[in-house]
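2 protein chains.
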Amino acid sequence: MTKAPHRRGADRTEAIMRTTLELGQEIGYARLSMEGVAARAGAGKQTIYRRWSSKGALLLDSLLSLHEPALDYPDTGDVVADLRTQIHAAVDLLAGPPFGPLFTALIGEAQYDPRVAAALNERLIAPQAAKTVERLQAARDRGQLSEAFDLDLAMAILSGPLYFQLLITQEPLTHAYVDRVLDALFTGLGPISRAAGR
Amino acid sequence: MTKAPHRRGADRTEAIMRTTLELGQEIGYARLSMEGVAARAGAGKQTIYRRWSSKGALLLDSLLSLHEPALDYPDTGDVVADLRTQIHAAVDLLAGPPFGPLFTALIGEAQYDPRVAAALNERLIAPQAAKTVERLQAARDRGQLSEAFDLDLAMAILSGPLYFQLLITQEPLTHAYVDRVLDALFTGLGPISRAAGR
Chain A
1 MTKAPHRRGA DRTEAIMRTT LELGQEIGYA RLSMEGVAAR AGAGKQTIYR RWSSKGALLL
61 DSLLSLHEPA LDYPDTGDVV ADLRTQIHAA VDLLAGPPFG PLFTALIGEA QYDPRVAAAL
121 NERLIAPQAA KTVERLQAAR DRGQLSEAFD LDLAMAILSG PLYFQLLITQ EPLTHAYVDR
181 VLDALFTGLG PISRAAGR
Chain B
1 MTKAPHRRGA DRTEAIMRTT LELGQEIGYA RLSMEGVAAR AGAGKQTIYR RWSSKGALLL
61 DSLLSLHEPA LDYPDTGDVV ADLRTQIHAA VDLLAGPPFG PLFTALIGEA QYDPRVAAAL
121 NERLIAPQAA KTVERLQAAR DRGQLSEAFD LDLAMAILSG PLYFQLLITQ EPLTHAYVDR
181 VLDALFTGLG PISRAAGR
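Sequence lines, in order, name chains A and B. Mapping of the first sequence onto the UniProt record's numbering: residues 1 to 198, in sequence order. Mapping of the second sequence onto the UniProt record's numbering: residues 1 to 198, in sequence order.
None of these hints come from the bench; they were simulated from the model. Where hints are given, some of them may not hold.
Said to hold, decoys possible - Derived, one-sided and incomplete: chain A residues facing chain B with beta-carbon distance under 7 Å:
#: 1; residue: H67
#: 2; residue: S146
#: 3; residue: P172
#: 4; residue: A176
#: 5; residue: R180
#: 6; residue: L185
Glycine included, every Cβ here is placed at the ideal spot set by N, Cα and C.
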């Protein structure tokens, strides 16, 4: 099993994804190709196409599969602290170098290619939304959230301001920004919050 | 002044922008070109390049200049109603056909072209953020908003969930969704809101 030029199974899958990230970082998303990844990884082009339908799908899997644990929520009992911990980790992963430029390029591609948009939602957004609702549901059951808050919107409300910064203003997505957003979302726009003397 | 083949000044500018939208709707953003617009509008290519540095800048101006009044906030004294009115109008303009596909394509382009990103922020985001803060400041002065809410985040908090729906999940951006987002943002995530019995 040593020095096999064409590695097998999970090992080969991981090598292909690692190569995708390396090459993507070197030459950028626009110039990245399935052929280029195959050549660099020493894999057959068909091997790659059998598993991934497009370079968008390949890049998304590559970005996520090697780092999925960073997207899990802890549950220490303090929902604000746990959201902060998870979102800081997600920001470090998705917005920071070296992944940031590839990730935003992928979202750019999703505006043109419905398959990339579908893969993005299936592989990242939907699972993340489910985890977010689950963590917030646990907090609401403990009286740590407003009972009136629409949990189905949690993903849009929590991550929307981050994507806005990442994709629209394109200013740096920092931990400090995340903290300000969390504060603002927990405070709410409504005057009701003043009752608690915050 | 009748039937001039090359129209002058504001009239010509408007004709170029109108042609940009017509042609963009017909052939899509990817195939749209400054040359194509020039030919269809009966304008010199240099005339267009003098005013717009890229097709992204031209398209953004075209999308906005013909419809800017839709982006103003009313002030009836009821901040929630006024936000709803303005955001419904913005959603009708920016997410609905025929502008939606061109607008999202433009944001896609902004992930690759810093000039498009800069134009997007200068022409749309920054002015809209200033209007948003101004309207919310007036509401806060009247005690209609939480004093603790971070007004500088208003644009990100209010429009982030809309861009999330538009660019990421790509589900329909409806008035009903806007209303749910506004409710959730005014409620806030925090348990404090329960004090008011909502």
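Flag every earlier hint the structure violates by its number, smallest first. Checked against the structure, the hints that fail are numbers 1, 3 and 4, while the rest are satisfied.
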